[in-house]
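Q: When you line the sequence shown up against the working numbering, it's residues 8 to 194, in that order.
Treat the hints as calculated values from the structure; they're not laboratory data.
From a predicted model like this one, the values you see are computed outputs, not experimental measurements.
Don't take each hint at face value.
[Claimed, not checked] Simulated pairs of lysine-lysine, DSS-like, Cα-Cα distance not exceeding 27 angstroms:
(1) Lys108 to Lys84
(2) Lys117 to Lys131
(3) Lys131 to Lys71
(4) Lys52 to Lys156
(5) Lys108 to Lys34
(6) Lys34 to Lys84
(7) Lys84 to Lys131
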Amino acid sequence: MSEYFSLSDSDVIGFDLDHTLCRYHLKETSRLIYESFARYLVEHKGYDKDLLNLTPATWDFCFKGLVVDLEDGNLVKLAEDGTVLRATHGSVDLSPEDIIKHYGPKREWKHFNSLNTSFTRSAKYYFYDNYFDLPGALLCGRVVDMLHKVDLEDRQGLVDHLDLWHLGLQVDLEDRKFPLLSGQLGQ
8 MSEYFSLSDS
18 DVIGFDLDHT
28 LCRYHLKETS
38 RLIYESFARY
48 LVEHKGYDKD
58 LLNLTPATWD
68 FCFKGLVVDL
78 EDGNLVKLAE
88 DGTVLRATHG
98 SVDLSPEDII
108 KHYGPKREWK
118 HFNSLNTSFT
128 RSAKYYFYDN
138 YFDLPGALLC
148 GRVVDMLHKV
158 DLEDRQGLVD
168 HLDLWHLGLQ
178 VDLEDRKFPL
188 LSGQLGQ
């Protein structure tokens, strides 16, 4: 085995999602992922350029285990039993009263049994379960915020483009749409 490791000698490069093999610089990685997808939405799908502007405080929104409810634009943090611990609409925190209004006095999320038994993708929700997905949660929240700022006619056009795993970050490397993530930077 060589003393040095060269990426050019590799056929495939993958991510170690649980940090078993290496530790990522999560702040920088998250920023690159977010910027790549936000830039794609702005440049190719006509989204507001404000998606590209982030403050350090914006990142406080991101933490593992968020679920976006695609039916209402809420992002929820669930307890082991499916109880809604915290929720936002877009990036705006819901008050305890609003959570009860949306999820009832027991604060039960209606799709919990489906998520808990299958962990499969759904047209009704997306589960952000790893560090590489977290920028998608932030982007999704910000897009929901943006949808409330545009006219109803424009809103439908934007909603039609929410097809990146429901903003869950499906990377289409063959089309080279995301150069920062596909290794095609500068090509």
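Q: For every hint, state whether the structure bears it out.
A: Status of the hints after comparison with the structure:
At most 27 angstroms may separate the alpha-carbon atoms for a hinted pair to count; Lys108 and Lys84 meet this at roughly 16 angstroms. Pair hint Lys117 plus Lys131 holds up; C-alpha atoms about 10 angstroms apart against a cutoff of 27 angstroms. Proximity of Lys131 to Lys71 is assessed by CA-CA distance (about 19 angstroms); at most 27 angstroms being required, the pair is judged to hold. Distance hint between Lys52 and Lys156 is fulfilled; the C-alpha atoms sit about 17 angstroms from each other, no more than 27 angstroms.
As the CA atoms of Lys108 and Lys34 are separated by approximately 35 angstroms, the hinted pair breaks the 27 angstroms bound. For the given pair, Lys34 sits about 21 angstroms from Lys84 by alpha-carbon distance, which is consistent with the 27 angstroms threshold. Simply put, Lys84 and Lys131 have alpha-carbon atoms about 16 angstroms apart, close enough for the 27 angstroms limit, and the pair holds.
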